[in-house]
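Asks: So you can see what is in the structure, the chains are spelled out below.
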Amino acid sequence: MTERARQPVTAAANPPVSPLDSNLLPSDVVQASAISNTPMPDRLLDSVAKLIDVSKCIGCKACQSACIEWNDTYPEIEENVGVYENPHDLTPDMFTLMRFSEYENPESGDLEWLIRKDGCMHCADPGCLKACPAPGAIVQYSNGIVDFISDNCIGCGYCVTGCPFNIPRISRTAQVSKKCTLCSDRVAVGQGPACAKACPTQAITFGTKESQIALADERIADLKSRGYENAGLYDPQGVGGTHVMYVLHHADQPSLYSGLPDDPRISPVVAGWKGPAKTAGLAMIGLAVAGSVLHGIFAKPNAVSEEEEREAEDLVGDSRKEV
Amino acid sequence: MTNSWTDIKNTDLVVIMGGNAAEAHPCGFKWVTEAKHHRGAKLIVVDPRFNRSASVADYYAPIRPGSDIAFLMGVIRWCIENDRVQWDYVRNYTNVSHLVREDFGWADGMFTGYDAEKRSYDQTSWEYQIGEDGFVLTDETLEHPRSVWQLLKQHVEVYTPEFVENTCGTPKDRFLKICEMIGETSAPDKAMTSMYALGWTQHSKGAQNIRGMAMLQLLLGNIGIAGGGMNALRGHSNIQGLTDVGLMSNLVPGYLAMPRETEADFTTYMSTRGNKPLRPNQMSYWQNYGKFMVSFLKALWGDKATAGNGWGYDWLPKLDIVQYDAMRMFDMMKNGKVNTYFFQGFNALLSFPNRAKMTEAFSKLKLMVVMDPLATETASFWENHGIYNDVDSASIQTEVLELPTTCFAEDEGATVNSGRWLQWHWAGATPPGEAKSDVWIMSQIYLRVKKLYEEEGGTAPEPILNLSWDYENPEEPMPSELARELNGRALETLYDPADPTKVVLEAGQQLSGFGQMRDDGSTMGACWIYAGCWTEAGNMMARRDNSDPSGMGIFQNWSFAWPANRRVLYNRASCDPDGRPWDPNRTLIEWNGEKWAGADVPDIAVTAKPREVGPFIMNPEGTGRFFSRRLMRDGPFPTHMEPFESPMANPLNPEMRGNPVARVFADDLEKMATSAEFPFVATSYRLTEHFHFWTKHNRVNSVTQPEFFVEISKELAAEKGITKGTRVRVWSARGEIWAKAVVTKRIQPLICDGKPVHIIGIPIHWGFKGAARKGFGSNTLGPFVGDANIETPEFKAYLVNIELVEGNA
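Residue numbers (the working numbering), protein chains in the order written: chain U, 1 to 323; chain X, 1 to 809.
Bear in mind the hints are in silico, worked out from the structure with no lab data behind them. Yeah, the Cβ is synthetic: ideal placement off N, Cα and C, and Gly gets one too. One thing to keep in mind: the hints can contain errors.
[Said to hold, decoys possible] With a straight-line cut-off of 20 angstroms between C-alpha atoms, the simulated SDA-like cross-links for lysine to any residue are:
{"no.": "1", "chain 1": "X", "residue 1": "K436", "chain 2": "X", "residue 2": "E454"}
{"no.": "2", "chain 1": "X", "residue 1": "K745", "chain 2": "U", "residue 2": "R226"}
{"no.": "3", "chain 1": "X", "residue 1": "K714", "chain 2": "U", "residue 2": "E112"}
{"no.": "4", "chain 1": "X", "residue 1": "K177", "chain 2": "U", "residue 2": "E102"}
[To be verified] Using C-beta positions, here's what the derived DEER-type ranges look like:
{"no.": "5", "chain 1": "X", "residue 1": "R699", "chain 2": "U", "residue 2": "N14", "range": "45 to 51 angstroms"}
{"no.": "6", "chain 1": "X", "residue 1": "R630", "chain 2": "U", "residue 2": "T73", "range": "57 to 63 angstroms"}
{"no.": "7", "chain 1": "X", "residue 1": "I321", "chain 2": "U", "residue 2": "N14", "range": "51 to 57 angstroms"}
{"no.": "8", "chain 1": "X", "residue 1": "E410", "chain 2": "U", "residue 2": "E79", "range": "30 to 36 angstroms"}
{"no.": "9", "chain 1": "U", "residue 1": "E229", "chain 2": "X", "residue 2": "R729", "range": "43 to 49 angstroms"}
{"no.": "10", "chain 1": "X", "residue 1": "G721", "chain 2": "U", "residue 2": "T173", "range": "37 to 43 angstroms"}
{"no.": "11", "chain 1": "U", "residue 1": "N14", "chain 2": "X", "residue 2": "G457", "range": "57 to 63 angstroms"}
{"no.": "12", "chain 1": "U", "residue 1": "E229", "chain 2": "X", "residue 2": "K609", "range": "51 to 57 angstroms"}
{"no.": "13", "chain 1": "U", "residue 1": "E79", "chain 2": "X", "residue 2": "E127", "range": "57 to 63 angstroms"}
{"no.": "14", "chain 1": "U", "residue 1": "P15", "chain 2": "X", "residue 2": "R699", "range": "19 to 25 angstroms"}
{"no.": "15", "chain 1": "X", "residue 1": "T723", "chain 2": "U", "residue 2": "N14", "range": "44 to 50 angstroms"}
{"no.": "16", "chain 1": "X", "residue 1": "A564", "chain 2": "U", "residue 2": "E3", "range": "42 to 48 angstroms"}
With these hints in hand, go ahead and build the complete structure from the sequences.
Replies: Right, here's the structure in full:
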C-alpha cells in the first residue's frame, strides 16, 4: 500500500523518492465531453494555475525541451524559415511553443522583443470540451486541469474549432487530438509541470491559482514601477478565467504577444452546439456510458502488467551486467 | 568572476556588455531575474544586437562590434566630469595617487616606446616613479601632473559623448542615459555588477575591453562589494577549472609561469618573482610565489625533487617564445612543423578562425588523435560533405585515431564554475561502448611512454622517469587521489614558524590551506589556489549544505571556492578605510576591533589593521590599478583600437590597423580585407537552444533550433533583396558559407563616421555531424588573429559580404 500523493504546491519541489498513489482520480472529474451528467465529486481539489511571466521569460525554450522529454514526443527537425519559432507552430508532438514578436513601442520609441510561451490555457469554461462529440475524450478536473483522454478521442478536430486560443493539433497518424495536459500525470503525484520545473528564470511558476495571482500582483507592481503602466494579469473572463495565466507588460494589448486573443470567447457556434441541441442529441449515449467511460479513462494508462514488470527488470539487469 | 553567480542577486544594477547572459548562460541568468524581482535592480544591455538579454532589460543601447573601449572610456570620462566617483574608495584603494615616470606618454592612440618592426612596445616608461626607499612616489592631493589620476583624466579626455556616438554608433541620448544609470552606483551603498563573456574576449584587444570596465568599477567603488565586481561568465562547463590547472601553454597550475629558456635555473626564475611591496605595510601576496612553485614541483617529482636539483626545475619545459597558443600551433602545423596533435575535447575545425587554414593544417599532420565523447567535425575533417566540408579526401594522408571518452555525467570529479566553486559530482550514468575516462587514456599513454624510455632510453628521460605516480591503481588514478594531490599535503612534520614546539601538520596529512605551503620541500600541492579543497576534514568540494545565514547567497558550506573558500574577491574593499561596511545591509566582512570577520572569508590577513594594509593584496602596491604598468602588451590604459577588419579608420590614428601589437602571421595579414570589398561587419554568437557544437547531436535541441542562419536588419535585407527564410551566401576574404536569412528589427544599421554600418549576426552551432541540419559556423569566415595578450581569436568583429542565392546552394 503506497501513500497518496499530496496536492502540488510548487513546480520547484523535488520529486518523491518512493512510489506514490495518484491523487488525480476519476472521481475528481467535474466535466467530461459529451457526457451531461458527470457525477458530483465527493471532494474538490485546490484550483491550480501555471503563471507565465513574460517579463521574466528569456525565450530559451527549456520549457519546450522539457515538454518533449517528459511527454516523450518526437517532433520533426524542421527547416529555419527565417524566424526563431521552432517548430514553426504547435504540433501533435509539440504541446508548447515560444512565440517571438518584435514590437516598436510608439510611446517610448523602444524596440521590445515580446516572447510568449504558447500552449493550452486550461480554461475554466473549456471550448474544446464543449465542442467535443466523443464521450470522455476531454475532461476537466476539479483543480482546473483540462485533459485529453486519447483512448476516447476520435480525432474529429471539433476541439480545434471550439478552442478560442487555437491550441489542439490533430495527429494524422494516430488520429487523436493532442495538447498540453498541464502535466496532469506529474500533478497527480504532487509535482508541477515539467516546463515550470525546467524554466531557468522562474518565468513559469505553478501552484494554487490563489498563490499565482498573489505572485502576479507582486510582479505587476514591479513592472509598473519600471514604467509599464498597463502591466497586468491575463486571466480572461470570457472563458471563465484560465488555469494558465500570463503576466503581461501590456495587458491592455494582449494581441501584441503573437496574437494572444484580446477577449477570448467560445465561438457562438460551439456554444449553440453545446446548448439544448447537443444535450438532446447525446443524451442517450451519455446516460448509457457515463460511468463506464470515466472508469475506462483511468484504468488503462496506469496499469502495468506483470510481464511488463519482468521486461523492465531484465533491462535493468542487463545494464548492470555491462558494468 | 570576482563574485559568484548567487551574489548577483545582491546588485542594484546589472550591466551586460560583452556578453549575452540570458542567451548563453540562461541558468545563471536566474540571479539577474532574482535581483530584478526582489531588489528592484535594473538591467542595462549594450550589444550590437537586441538579443535575448535585451528582451528583459530595462534599457538597451546598440554598439558597433569592436568599439567597446571607446564606450567605456566615454563612461569613465562622463563619471569624472559629473563627479560620479566613489572618492573614499578611489583615494584609498586605487593607485590614483601614484606618480608615473616622466617619460611615459601617448600620442595618436599609441603609447611611448612603439617599435613597428617588432610590433611591440618597449615598456620601460610604463612604470611608477620609485623613491629611494624603494616605494612608489605618491601625491595624495592628486594634483601632481604625473599622478595616475591626472594622467587618467587626460587619457579619457578625447572620449566625449560625440566621439562615442561617432565611433560606436550608439545614439548620444542612449549613451548619456546609460552613463547616468551607471553613475548612480558611485554611491557607497549602491552596487553594479558587470557580466561579460566572449563578447569582450574575442577581439584583438579583448583584455583591454575588460580592463576598461574594471577601471570603471574601481572608479565607482564596485569591486570587492556584494552585488559588484567583474564577472566573467565562462563559456564551457569547467573551463574555469581547466584554466586554473594550466590550460595556457605559458602557465603551470595556479597561474604560475611556465619558465622561459632565458630562465636557465630555479634561482634565475625566482629572481624576477620577489614581488617586494611597492608601498609600506602591503601584503604583496605573490611574495609567497616560491612556496607555491616548490610545492608544485614536489607534486610532480616527489622525492626526486630536491633543493640540490632546484626541485626538478630543469625537467620543466622552457618556452623559447612567449607562448604556444592554439593559433600558433595551427600555423606551425600548416607550415609542416607539427607531426602529431592531440585534440582532447577540442573541436578546432569549428572553433578556430579561417577554417580553410585549419583543414590545410590538419592535412599536414601525420597523426591526429581525437579524445572526445562525440563524433567531431575535427576527427572527420577529411570526409567530403559537399559544400559543408568540400575536401579532396584522397589527397589527405593524415591518420586519425578517435579515442572515445566519457562525458562529464559519466565520471566523478569536481567541476569549477564561473564563481570559482569547485563542485564535486558523481557518475550519473555508465559510459557507452568503449568510452574510457580521459584519466585512463592519459595514464595508458604515460605508462607506455615511460616503458619505452626504460627499455630504449632517449633524450631527456628524467621528466618522465622521475614523475611521481603513486596511485593505488597506476593504470587509472582515482579522481579522489588527483584531487588530494591538487590540494597538497605535508611531506614531513610541519611546525608552526612562530612556535617551533607546536605541530601544524603531521607528515602525510592534507594541507588545510595554501598558507601552510613551504618552499623547503616539506609540502607538496599541485595547484596552490585549490589548497583547502580536500583537507583532513575530507572532501570540501562535496559539501552540500545550502544554508545561508547571511541571506546574501554566500553559502560558505556549499562546495569549496578558491581561494580559501572566499566567495567575493577583494572583499576588504567592501568596508571603508576604518573597516566599517560601505553598506551595512550588505556586510560581507567587517573589522570588529581585533580582527576581520563576517559571512565571507576575509580577503586580507585577519589581523591586518584598517588603514595599514590595502585591499588589493596580490598587487605589490596594495591598490587597484587604473594604470596597469607593464602588465599588458598593448598599454597601461585601454585605448580605442579598431578591429583588424573595420568599416572605418581609427579616429585617433587613421594609419593604425587593429591592435598595433597583436601578432599577425604574414599570410594571414594578406587575407585581411577592407570595407571596399567587404562592406559589412560580422559578429559571432551563441544561441540558447544549443551548447557550442555538442547539442546539435541531440534531437531535442535540434528540434528547437534546427538549421544554420544569419541575422540581418530589414534595411540591409531590402538593399540586397533578401527576405526572411531565403538562402544567402556570406563570404569573407577567407571563405564562404550558405545560410537561411533571419530578417529582424533587432539589428539596426548604425551610423559611424557619418556612414551606415550594417551588421550581420552569425551563430556558431552547426557543422556536418549530428542530428541537426548540416551547416556552418562563424569560424569559416573569421580572421586568424587574436588578442595581443592571450590570443583569443577576433570572432566578434570582422568584414564580410552577403548576397541572395537562388535554390539550395
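Asks: A separate judgement is required for each hint: does it hold in the structure or not?
Replies: Hint by hint, here is what the structure shows:
1. Simply put, K436(X) and E454(X) have alpha-carbon atoms about 26 angstroms apart, too far for the 20 angstroms limit, and the pair is violated.
2. Taken as a hint, the K745(X) and R226(U) pair is broken in the structure, with Cα atoms around 23 angstroms apart against an allowance of 20 angstroms.
3. Straight-line distance between C-alpha atoms of K714(X) and E112(U) comes to about 16 angstroms, which keeps the hinted pair within the 20 angstroms bound.
4. The straight-line distance between the Cα atoms of K177(X) and E102(U) is roughly 23 angstroms, outside the 20 angstroms bound, and the hint therefore fails.
5. Roughly 27 angstroms separates the CB atoms of R699(X) and N14(U), a value that falls outside the hinted 45 to 51 angstroms.
6. A C-beta distance of roughly 60 angstroms is found between R630(X) and T73(U), which places it inside the suggested range of 57 to 63 angstroms.
7. One distance hint, 51 to 57 angstroms for the beta-carbon pair I321(X) and N14(U), holds here, with the actual separation near 53 angstroms.
8. A beta carbon spacing of about 34 angstroms between E410(X) and E79(U) agrees with the range 30 to 36 angstroms that was offered as a hint.
9. As the Cβ distance of E229(U) to R729(X) is approximately 46 angstroms, the hint placing it in 43 to 49 angstroms holds.
10. Take G721(X) and T173(U): their Cβ atoms lie about 40 angstroms apart, and the range 37 to 43 angstroms holds.
11. N14(U) and G457(X) have their C-beta atoms about 59 angstroms apart, which keeps the hinted 57 to 63 angstroms range intact.
12. Checked against the hint of 51 to 57 angstroms, the C-beta distance between E229(U) and K609(X) comes to roughly 53 angstroms, which is consistent with it.
13. Roughly 59 angstroms separates the CB atoms of E79(U) and E127(X), a value that falls within the hinted 57 to 63 angstroms.
14. Separation of P15(U) from R699(X) is about 24 angstroms and conforms to the stated range, judged on CB atoms against 19 to 25 angstroms.
15. At about 48 angstroms, the beta-carbon gap between T723(X) and N14(U) stays in the expected band of 44 to 50 angstroms.
16. For A564(X) and E3(U), the Cβ-Cβ distance of about 46 angstroms falls inside the hinted range of 42 to 48 angstroms, so the restraint holds.
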